[in-house]
Every structure is written in C-alpha cells, then in structure tokens.
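A.B. asks: Since the structure of chain A is provided, determine the placement of chains B, C and D on it from the hints.
Protein chains in written order, with my numbering: chain A, 1 to 375; chain B, 1 to 375; chain C, 1 to 375; chain D, 1 to 375.
Mixed in with the good hints, there may be bad ones.
Rough simulated footprint, nothing fancy, chain C against chain A, three-plus residues with beta-carbon under 8 Å [said to hold, decoys possible]:
| # | region |
| --- | --- |
| 1 | 8 to 19 |
| 2 | 24 to 32 |
| 3 | 81 to 89 |
| 4 | 124 to 132 |
Hints were generated in silico from the structure; no laboratory data involved. Virtual Cβ for every residue (Gly too), placed ideally from N, Cα, C.
Protein chains: 4
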Amino acid sequence: MSFNTFGHLFRVTTFGESHGPAIGCVVDGCPPRIPLTEADIQPYLDKRRPGQSRFTTQRQEPDAVKILSGVFIDEASGQRVTTGTPIALLIENVDQRSKDYSDIKDKYRPGHADYTYDVKYGLRDYGGGGRQSARETATRVAAGAIARKIVPGLTVRGALVQMGPHRIDRARWDWAEVERNAFFCPDAERAKFYADYLDGVRKAGSSIGAVIEVVAEGVPAGLGAPIYGKLDGDLAAALMSINAVKGVEIGAGFGAAELSGEDNGDEMRLGNDGKPRFLSNNAGGILGGISSGQPVVARFAVKPTSSILTPRRTVDRYGRETEISTKGRHDPCVGIRAVPIGEAMVACVIADHYLRQRGQVGDTPSWPLPKRTER
Amino acid sequence: MSFNTFGHLFRVTTFGESHGPAIGCVVDGCPPRIPLTEADIQPYLDKRRPGQSRFTTQRQEPDAVKILSGVFIDEASGQRVTTGTPIALLIENVDQRSKDYSDIKDKYRPGHADYTYDVKYGLRDYGGGGRQSARETATRVAAGAIARKIVPGLTVRGALVQMGPHRIDRARWDWAEVERNAFFCPDAERAKFYADYLDGVRKAGSSIGAVIEVVAEGVPAGLGAPIYGKLDGDLAAALMSINAVKGVEIGAGFGAAELSGEDNGDEMRLGNDGKPRFLSNNAGGILGGISSGQPVVARFAVKPTSSILTPRRTVDRYGRETEISTKGRHDPCVGIRAVPIGEAMVACVIADHYLRQRGQVGDTPSWPLPKRTER
Amino acid sequence: MSFNTFGHLFRVTTFGESHGPAIGCVVDGCPPRIPLTEADIQPYLDKRRPGQSRFTTQRQEPDAVKILSGVFIDEASGQRVTTGTPIALLIENVDQRSKDYSDIKDKYRPGHADYTYDVKYGLRDYGGGGRQSARETATRVAAGAIARKIVPGLTVRGALVQMGPHRIDRARWDWAEVERNAFFCPDAERAKFYADYLDGVRKAGSSIGAVIEVVAEGVPAGLGAPIYGKLDGDLAAALMSINAVKGVEIGAGFGAAELSGEDNGDEMRLGNDGKPRFLSNNAGGILGGISSGQPVVARFAVKPTSSILTPRRTVDRYGRETEISTKGRHDPCVGIRAVPIGEAMVACVIADHYLRQRGQVGDTPSWPLPKRTER
Amino acid sequence: MSFNTFGHLFRVTTFGESHGPAIGCVVDGCPPRIPLTEADIQPYLDKRRPGQSRFTTQRQEPDAVKILSGVFIDEASGQRVTTGTPIALLIENVDQRSKDYSDIKDKYRPGHADYTYDVKYGLRDYGGGGRQSARETATRVAAGAIARKIVPGLTVRGALVQMGPHRIDRARWDWAEVERNAFFCPDAERAKFYADYLDGVRKAGSSIGAVIEVVAEGVPAGLGAPIYGKLDGDLAAALMSINAVKGVEIGAGFGAAELSGEDNGDEMRLGNDGKPRFLSNNAGGILGGISSGQPVVARFAVKPTSSILTPRRTVDRYGRETEISTKGRHDPCVGIRAVPIGEAMVACVIADHYLRQRGQVGDTPSWPLPKRTER
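With the rest of the complex left out, here is chain A (with noise of 0.2 Å):
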C-alpha cells in the first residue's frame, strides 16, 4: 500500500472527491481473459448504495459504474473479456446539490480529519468531506468486484455482528438472513432489535459503532508472503484503511489473548479428501501469515460517524475556539455500509495474493508431500 494505490500484482488505484465531477479507480495487473461487464460490477455498487433504508444516509447516488477501458471482445467466445491491461472505472457524482457549508467549511469537526488534512496540507477539501468522504469507497467495492472473479471458487462474504454494545447470537447465524435486513445481520432476531434500537439513535440524532466480520471462503492454502507481506498483515492495512475502522482482528482476535495454548492451536485430523482438516478455527485460517485452506475470518470495529445533531466544543483553521453541530443526511450507523466494503478489501487482497502465489511458486506443490526417494 501506498498513497492511493494498494497491492502488488493485483492493484488498484483510486482517486476522486465526494463533490467533484466523478469518482474512479484503476484496476491494473488483472489477468487478461475474465468476462467482464458493467453488470458483473453493479449489483456490490447497489449494495453499498445509501438511500436504500431509513438507517442510512439519504442522499442519492446512482453510483452507475462505467467500464473506460482494460477490456474487449474475445474472438474466441464473443464476450466482452479483460485484456490484461488496466481497468479504469468511472462512477460520476450525481447529487450533488448546492449546499451551504460555510458552518463546517472553517471549523473542526471532532472526530473528522478536517483538522489532520488542514495541519498536513495546509488546506483541505471541505465539499461534502472531500478526499475523506465515504464516498471514496464505492470505486473500492467496484475493484473488488473484478478481485472475486479471479480467484477461482472463492467467496467472499461479510456480516454486521455487533451494533454498540449489542452482539449477535452466533448461534442463530444464517447466511440467508444478511440479504433480508436492513443491516446485513446474520441473526434475524437481532436484526429486529437493531431496528427498533437505530430508530432511537437515528431520532436522537446520535450514532453508534458496529462490528463486521468478513469470512473468505475457497481461499486456497499458500497464499500470504512472510514476514512483510503476511496475507494477515495486508489483510489488516486493508480493513484499517476504510473509514472509521479503529480495530482488525483475524480468527480468535483479541480473544486470543486470553487463552491458553491448549485452547488456542487449532488441532488437525484429516479429511475425506486426504487434505487436512482443522478441528477449529482459532487461527481465522491463517498460519505464520500464509493461508492454511481454511475460511479467512477477518473483523473490524468501525466507530460511531462523529456527524451529530449535540453540539461539541471545536477550534476553526484560523485559530479560535467555538462549537459545532451537524445538520443534514448522514447514517446513523456507518458500520452498515461498510459490509460491502469489507468485502471488497478482503477480496482485492486474497486476489493479490493468488497472483503472487502463482507468480513465485507456480503451481501450489501437491500435499502431501513425497517421501525422499532412497539413494
């Protein structure tokens, strides 16, 4: 990762601003070949869209993703294919309504990086958050799009598990129930709860934090480069770079520390199939950074959006102190629509990772291993 641009074989590059003309990305090191169409990008895009409930922001963006180049028609299939050179993507900036933002445009908001932009560039972008706006994320969720179309049988799929203090039942986990809510809970009953519960912040004019978690399944073992390329330790940067995110962890987490190495080390019998197979999951599939087979389990605390109705005590750019309120559509729960996003992150970084795989060891080796040949 560095600047705007994140991985190393599989990488992508994005740029654009909540108020300018347009947002985009640059996919580049994509394998040429992979069918690809507006339409296998768009239904991430609608996933993330706001607008779609009461519990997130009302403004309202197609966010219509545009194919610039990067593919072409296949003479051998007819479809329109990836070609192996870069992959720009436009979503243009729809509703940007006029608006007034003379309260927020010399004032600090708390808990925003209006002050850190100003201090580290000596100005900042105050249109509708600029550079730091959520915004940034749609073209985040479109390169990840592409990402789950190379690694082969790989999904990639998050949940919302913890709203404030308020936990799922891990119990009552259903992949089905996250397309059914508001909120992408796995936990239909808590979903209800959440409901009545957001209500409340939302008509306080409060927010609240939330917990997402992330399981990459069909990862294949191998994948992750020690010591500074560890798929864990990308996989870590990549969640920390969403906004709001203050906390990653992998498998058992922060949990971890309070067990013992009995209960910790996930045991191993083997499968039908011959391969290993794990007793547990402690580990969140992933051994000394490299990808053991199992599914990559990743969450993510995101932090309450500090874009409240109370007014809290601020200094502005030129150096006095005041106070600041905010007014206008923001969600109440920004952990909502960093589901789709989540997702994306993690599987950009698997995909980066299956090419680099590929690229320094070629075919994985066969497991298990043969014997040395006497001589």
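C.D. replies: Chains B, C and D only, in chain A's frame:
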C-alpha cells in the same frame, strides 16, 4: 510492505533463520549525518533478548549487532554517522545447540505455521522454526533503534496491559514501572500478580496470550498518506506482521464500536501554545489516517505460543494422523517479548511517514492557517 | 516502475486505449497548494496533438483534458490549487471513426506488438492499436505538465536532433527555432531540409527513425538515489517506455565509449557564485546517478513506424503465413511527436526525485561543506 | 527500482562499501526448491573478479560468497535448495590495505561521483569509493547467478564489442572465443589488437571506454508488462544502474533512427515448430515492451574510468580550486569487467518478469490461438 521488505522511504529488509549462521537486516533510505554506532542499537536488542528472567525462553543468544555498512566518519563532527546509503546489520546466531528435530521435522504443530509453509513452498526449514521463528524479530528491533533517531522529539514506549484475561488497572499506570518488572507491565501491583500467575502457566507446561500497548509521543501532526498509506493502516500491517499477533486496534479500538458519536469524537480547545488541544484521545492520535499531534496509541493481541507440553492431535507432512507435544525451551507468554518488537515496528512506521510527509509536503504548513487576503 | 504506474513519490498511473471512450491518468503524491487548472496542461497536449502539419498523422483529436479530482479552491489565495490527493485527468477519445479492421485484426504487423500482446495475453485489442497505441502518451504529457510545476526553476525542453541519418549542426542550435518548425528542430537550416526529406518519405508510404534530445535546466544538485534509484537509471526506464524507443543515452552517451579518461571527465572550477562550475558536460549532468547541478541531457532513438505501404511478409494469429501493408493515417516520422513526450517523462522523473531527495535528506546540505571544528 | 532494491517479484537489495567489513545482498522472492549452493554462484564472481590479467585492477579480492539464509535440505532430494525465503549473500572485503586517502578525501575527482555524493548527503565515504565503488557490482553478479536458475532454458551471455573507437567484426563472432581472452571479446583477431591497444592506454596512465553486448537466449515470449513495466524499460534501468554506463540500446538501438520502416520491421514466417520465426532481429527480441521469443539483445556504453595519471583541474569540498591525479590500482578499461555484471542484470530482469508473467497470466497461452467457435 511486500515479501521481506517494509516501508516506502525508510525501508527495512530482513533475512535469516533461527538456526542458520546469522540473521540481519538492511535499512535503506535513512537520512545521512545521523550519529550511529552499535551502542545505539544494542540496548534495544538487550531488552528483547530471551533468557533474562524465568518467564522467557532460556535460549542464550548474546544478540550482538554489527554494523556492516552505511556509516562513516563525519569530517565535521568526528563522529561515526549514517551516510544515506544502506545500513546492513548482522546478528550472528550463537546458541545453535545440536538438537533432536526428529519429532517435529515431519509433524505439524497445531497453531504453528509448519503446515502452511509446507503447503506453500513444498518444503520447510524446521530448524528452530526457520523463517517463522520469533528470532527474526531481533532484526526489527535493531531497525527500530535507527528509526527512533530520525524523528526529532519522538518517544515510543510499549507496555503489557493484559495477560490472559487479567488486565492492568490503567489508573495505576506508571511508565517507570515498566523497566522494573519482567513483564514490561506499567502496573506494579498487577506485575506481582502476573509473576505468580505465569509461574503456574509455566509449570503446567502451558502458555497464555497477552495484549500489548504501544504509545508514541512527539509524533508531528500531519503524518500519514490517505487513502492507502494511512498511518493507522501501516501500523496495523506492521503490528500484525509480528509473530503470533491476531488483532490490532488504534485508540478506543474495538471499544469504539460500543460508543455513541457523542462519546467517541474527541472535542478540541486551544492549548496554551495556540495549538489545538484534544479533550480526549479515542482517536489514538490518528484521524482520517493522519496523525493529529496527540500521542499515537496502538494495541495488539498476542496469542499463546502453541508449543506446549500437552499432546495434541495433528497430521504429518506425509499425510498421516499423529500426536505431538513440544518439549524444550519456550516462552510461557510470548507477549512479554513482543513489547520491544511492537515499539520497534511503530517507530519504523512513524519514521517512514515522517520522511514521506517531508517529501510530499516539505515543511509542515504553519497552523493556524492564514486568512484569505482581500483582493 | 511497475505495470502501468511509474514514480515513487510522484506517481503516475495511466489507463486507456485508442478506441475506447477515454484515456487518462491518475497523478498521485503531488504536493499540495500548487495552482493548477486545465489551462496549465492543455498547451503541452496541444504540442503533442497530431494533425498539426502534413508530417504527422491526420487523425483529429482535440485532446481536451479534464481534471476530475485533486484540486480545490484555496481559501488563502482564491486560486484552484492541488490538495495533495490524487489528480485524475481524463481525455475523451473523439475521432473514433468506424474503421475496417478486418485486415489487421488477425494479422501481425511486423515491427508492431501485435504478436507479443497475443502471445502474452491470449488476445489483443486491435482497435487503433489498443494499449500499444501512441495515444497513451497523451496522458504522460498531461502528467508532465503537473510535474513541471513541482520543481522550482526547472525548465525541460526537447528537440529533434537527427532524422534518419541526417543530424543537425549543433553549432546552429537555437531553442527559439524549435517552436517555429514542424519538427521541433533547433537548427533552422536542417528543418528546411527535413521538410523536403520527409515529404519524400511520406509520399513513398514509408517511414523513418529519429533521435530526440531532452535538456533539463535548473535541476538541483543532489537528485538521484544510488544504486537502484539513480537519476539516469530512472530516466532510461522512463524514456525507453515511450513507444518505438530503442535506445537511451545520457551526456556523451555511446560516444563516451570512444573517449579517453582525459577527454571524458568534466573538470571543475569555482563559479562566480562560489558553486562548482564544470568545464564540460560529458556526464550529462549526472555523476554516480546523482544530479550535479549541470543541465541534465538525455537522448533517445525512435525507430520508424512499422505502418508502411509496402507489403510485408507476416503470419496471422491462427498460424498462417500471409502478407500485410498498412493503409490509413500514420506518422512518417513518429520521432517528431516524441519530443513533448520525452520532455514530459524527464519532468516526471525529476519531480519524483526532487520529492524523494527532500524526503530522505530534507533541505539540501549547504555547499561548500563546513570544516571540521577543532576539539 | 528504488533506492537499493530492484525487481518486483524477484527482488534484490544490495549493501556495502568497498572498504567496510563486507558487501552483500538479499535476494527475495526466489521460488522454492531450486538447488543452490555457493558453488552455483562462485564461478560468476570469479569471472568478474579483478586481478586476473594485467588489464584489470590489481586489487586482490577472493570474493568468496557465503549463503547466510534461505536454503535448507530438501527431504525429497537430499539437496540444499531454496526455501522461498530471503537468500542473504555475504562477501567479505579482504584487501583493505591501509591506504593514504589524504589526497582524495577532500578533492573531487572529475568524472567521479565525489562531488554529487557530498552535495546530496553532506558527506561521503571516500574509502575506496564508498558506495559508488564498482565493488558493489559483485553482489549483483551473485544475485544474477540465482536468477539464471529460475527461468528454464535461459542462457545469458555477454561480450565486449567495442573498445574506444575500435569495434569488433561481427562476422567473426565466436562465443567460445569470449572465454579465451582477457576482454570477453568474441572476435579473436580484435582481441589481439585490444591487448596491444590497452597496453598502450595502461602504460600511459590513461583509460578508455567500451561497449558491451548481452544476449539472452531462451527467453519465453510474453515477458514484459506494458506500459511502465516493459521488459526493455526495466533492462534500460538495470543496465544504466551499472557504474560508468552512459547509454543503453536494444536490438538495432540508435541505428534504428537511421532505418526506414521497410528496413526496420522484422518480417515473420512460420518455423518448422509451427511457431513464428522472425527473418531479422532489429527489435532485439522485444516488441511493445514484451519479449517475442527471439534472443533479447541489449548493448550498453561504458565510459572510461576517470581515475587517470594526468593531473586535472578540480575543486575541493571546502570550496577551493585545486588539481588531482589518481595513482594506484585501476582498470584501464572498466568496460571489460562490466561484461559479467551486464549479464547478471539482464538475468535478474528476465527472472523477475518471468515470475510476474506467471503471476498475472499463469501458464502462457498456447499459440496459435483457437478460432472462434461458431454458436
């Protein structure tokens, strides 16, 4: 981060295995004319060195560092200083006692990376853990000692704040205490408890996890390059790359998920120096991926070592089910020695971003900002 | 450089094909607060634009650049300035006249990359050359216009110094002349000759190669990062990446192979400003990969375009021998339009190293150096 | 390339100065299970080693390489093989005879990087040239020996093809001859002439430049990542990074500037193996930045060493005009020893791109391509 190198301008490449002739690193991109001798590095290595109490492995390694390149006598000062060229550091492996690896060379230890190395590379160096050995972390500590000299006024300190389920009392936090007990624990009372507790763990041939907190003070505001070079993103990757780490959080971290916007956002006033003063630090010194001038606070969870006496079910590399238990020298709580390692990683990340900020922006803009001149 | 991105701190990612909807680039890492509008970029694109004389392809492309992101109104100055975030530049493709590709879509044009794209990717975008089209170079020119604004006092100018076997007379070099003829030729007399000469080439449906020289003045001493980030190494890669370039040289270049040590090494005296003054510039302004403060001089050889009327033997993608000749709009000497492209690449490399030097070293040390203080 | 590292998947980081304790490199990203011992590397170092004839410096360095990490016994074969982790190579400096540097430590030798190091870093390591010493190139040669083992069927050979103004007769090219004379010259007759010629240069205390040609055979078609990871772009950077190199060209190179399209484009027919056969190789095996399967041909110009007996005008670091002449051990034609170095750099670049192509595309597509299936 990629493979065995991390950093963008301050770049560290490490090499070496536990049971080879030596480990080491190459520190590239260090500014010139910084006074540097082995004596600047050795104290940090000594802090990490095992065998200093009954609570860490009894392996005896002097960990004497040798500077191979990148320093020269400065004519102006007569001191040995960095030249701006790569600084190679070498640490010879001394305690390579001939050991019987027959039990582990074919079997996969649950919780270790034995299986994943085998399935990734088609072979693994089983001598002392090979590249997955915690011994590699000595080279990071050495690099971190150089990083500390780059950012003027920077102080990076770490502490163990939780062992198993037992947290410290933050009201009793005393940095001076960290130097006085075997656990780098800032809570003297808790440290006494840990001594008894860990004796029990050790005698049972078991192990336990821990949580480490690293605090960096004197971090200039403005470090961190959004969106994919955020300071917290790079910290997350850097800390997650440490052996046995399963989670990373910044500031309020996972606790932020439980907070409301009112409780989370750090309010601002002006300090006596005319600079912004935050009334709390839930952000952990980072907003929008950019340092705010507050102390940078990162925590990471270390799982218990998987090398325990209790026999565990596993398989071997030739596809047979079996059992394994680990005898020999091991840390009952590897989290303890992770303290100086975490410090080093944080120092390296901050030094890198300090140079990056200076590169992109030059001198940090003065704050408060000048008002628009009338025209 | 990697894939479709180049630069380390000043980073340029380009995308787009000749016959898609648009081409463009993302410029990342640009310092903030630099005044920037489309008017700063357009003149350089206009210089590269085809169809301006009978000596370049008659394809009509307005090449109107649009800034999509990365700029904002600076409160202090009221100007539109860079924000330090990614600057996306878009150039729509206009002249996409429906063309009959039936002849070239299966056949490999000798000297073109048709075969190598097919054998690398398993398909190729034959529309207007796809990614191998010279059209991509417009995006570099746009990026170069930004690069020029980063280094104070920098001037980068290029000139055509050889067409076919015909070199200019360096004694007649006049930079003002470069703007006055269709060849960017600094030798007015030679330019007249080229007009006749190239008319002959053009009417014969043939093509011819050229040599371009780029001179960068005002390059601060100290840029370039030995050993693998040398200024000349990066210039070589940057210039070699331009379509049709087959050779790059710095200063005396290949001529240096014929020189003795006495004739090659540039002697030094002190200038009136107390700075070193070189008595010649065989080094081309670079010693040991680091700029010396002299003008940086680079030359590159451009091969003749392979699109010619004469039928040539070739094969097609289905493994059949055949012949091909190219009709339609083509440059008889692609070297001409390479002049602004070469300038742009040199400007980008210098801007990148300017930021890198500022990052690693900070303010350039004062020279002469201070004498050792007695102790 | 950046700072002291080059390569994207096959990555080489070098360190060390001429008069420190050791030089070395870290080779990262090497595929696992490649048999490797010091005996695979030493012969290439021996070829580069000085003091083997009267035509190279008489400095005596055994240049014995030691593998510090990254290899292990393969259980399957019983051989020492690469593990996929970083391979650190160390070469101790032996011939550090105490030398009187009083004359050069303050004065800038014309043509050397003395001044530019001083003005960049504010100091320089004057011992034996410090980091700018040609001694660093030994580490590249060592890395190149590993690179050669990665690409199946690859052969990389270099030859001196010009010394001063005297070119070889290409009709007399005999690779076997390269091993037989002190100049790596493939033209036996020319080699005899060079012996007399260089004796004259040497006795006069002078020096002379040279041109080296490197030919890589067995390079698979499809290597090279357009646009900014072109194979020729990376070769240009790699070769330009060698000390004293002032120009690089591919295939017809600068000669291509003088050619017409008819003469330059390499026509194609089908070979007996059903693969394309080129009727010439002006492209030097690279089209559009991608290897064509033909031999890759690169040439580079090496300037004469600036260390000569004749006194030259210069300045010193304290701002005084003075004169300097260089006594002691020096190569009258440093181009000779550049031959194995050029080979190594070409091998490293090709190995890197071999892994990159495998990463992005996987198995190279079969050729000829399948026809579109009717639907």
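A.B. asks: Checking C-beta pairs, does the region 8 to 19 of chain A have three or more residues closer than 8 Å to chain C?
C.D. replies: Holds: 6 residues of the region 8 to 19 of chain A have a Cβ under 8 Å from chain C.
A.B. asks: Please verify the coverage claim for the region 124 to 132 of chain A: does it have three or more residues whose C-beta sits within 8 Å of some C-beta in chain C?
C.D. replies: Coverage by chain C holds for the region 124 to 132 of chain A (5 residues, Cβ < 8 Å).
A.B. asks: Establish whether the coverage given for the region 81 to 89 of chain A by chain C is satisfied; the threshold is a Cβ-Cβ distance below 8 Å, and no fewer than three residues must meet it.
C.D. replies: Per the Cβ count (7), the hint holds.
A.B. asks: Has the region 24 to 32 of chain A got at least three residues whose CB is nearer than 8 Å to a CB belonging to chain C?
C.D. replies: holds (count 5)
Violated hints: none; the structure is consistent with every hint.
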